[in-house]
Amino acid sequence: MSVLADALEHLVRGIVANPDDVRVQLITTRRGRTLEVHVHPDDLGKVIGRGGRTATALRTVMAGIGGRGLRVDVVDTDR
Amino acid sequence: MSEAVQVTTGGDVDTEGADGTPNGASATPEGGEDLLVREGDIAGDYLERLLDLLDFDGDIDLDVDGGRAVVSIDGGDDLSKLVGTRGATLEALQELTRLAVQQSTGARSRLMLDVAGWRADRRAELSDLGRTTAEQVSQTGDPVRLNPMTPFERKVVHDAVAGVEGVRSESEGEEPNRRVVVLPAE
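As given, the protein sequences belong to chains A and B, one line each in that order.
Position 73 (the first sequence) corresponds to 73 in full-length UniProt numbering; numbering is contiguous.
Position 169 (the second sequence) corresponds to 169 in full-length UniProt numbering; numbering is contiguous.
Chain A extracted, bound-state conformation (with noise of 0.2 Å):
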């Protein structure tokens, strides 16, 4: 597991109702690095909200932290 990993899995987990269920990866490839992000179906909202608000934020301060081209997905299906 990466730091980036580490520390949004972290943030993620903090903001929905079922942590355990949060599973983040670091992807490299030559387009640049993301970091996928996995949640219960029903904590899909919590993670994106209002307007995308939320996810927006979790890209603000990842950016923040890893640098300018670290994406943030997140995923909208079970797996």
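The hints are simulated quantities; they were obtained by calculation from the structure and are not laboratory data.
Certain hints may be false.
[To be verified] Derived DSBU-like pairs (lysine-lysine); straight-line CA-CA distance at most 30 Å:
(1) B/K81 with B/K155
(2) B/K81 with A/K46
(3) A/K46 with B/K155
Chain A is already provided as a structure; the job is to place chain B on it using the hints.
Structure of chain B alone, referenced to chain A:
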């Protein structure tokens, strides 16, 4: 537990207050102070764990001020990463911290987060800007448009302008380009 807070108004009654905005005193939740202390504790744990994971040096200070929990982090140079350009990262982290508190308490939080004294410094700077701009407008009579600011920043400027006679201020434009305009009073 304490009884309902009684609000005593002075001689003049505010006849324009019927806009449905709850007034500050009556909006204080039951056990207000206790809840705010709890908010601070939850926020402190959330942020402390984040600093640990990132291996950032930081001391977390908890306080209650003006009816809200205040959490301040001070420490090493790494903390500038949690402030970001014009405090954008700080605003985002505050938003997440409020959500973490809300997840635990079930109540919406108005908690304020400061990192590396950024808000305190910025407040002093903006207060100066608001006052000098207001004085300039008061002398010349010409409106002045300031640079785009966050809601927190605009509030500080509006407050400073309100302290100078003969001028007023309003906000115009859409986020994130919303800005304060200082005008001569009508």
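(message) Tell me if the straight-line CA distance from B/K81 to B/K155 falls inside 30 Å.
(response) Holds, at about 24 Å.
(message) So if I understand the rule, the pair passes when the alpha-carbon distance is 30 Å or less; does A/K46 with B/K155 pass?
(response) holds, 28 Å
(request) Mind checking the alpha carbons of B/K81 and A/K46 for me, to see if they're no more than 30 Å apart? (result) Status holds; Cα separation ~25 Å.
Checked against the numbered hints above, the structure breaks none of them.
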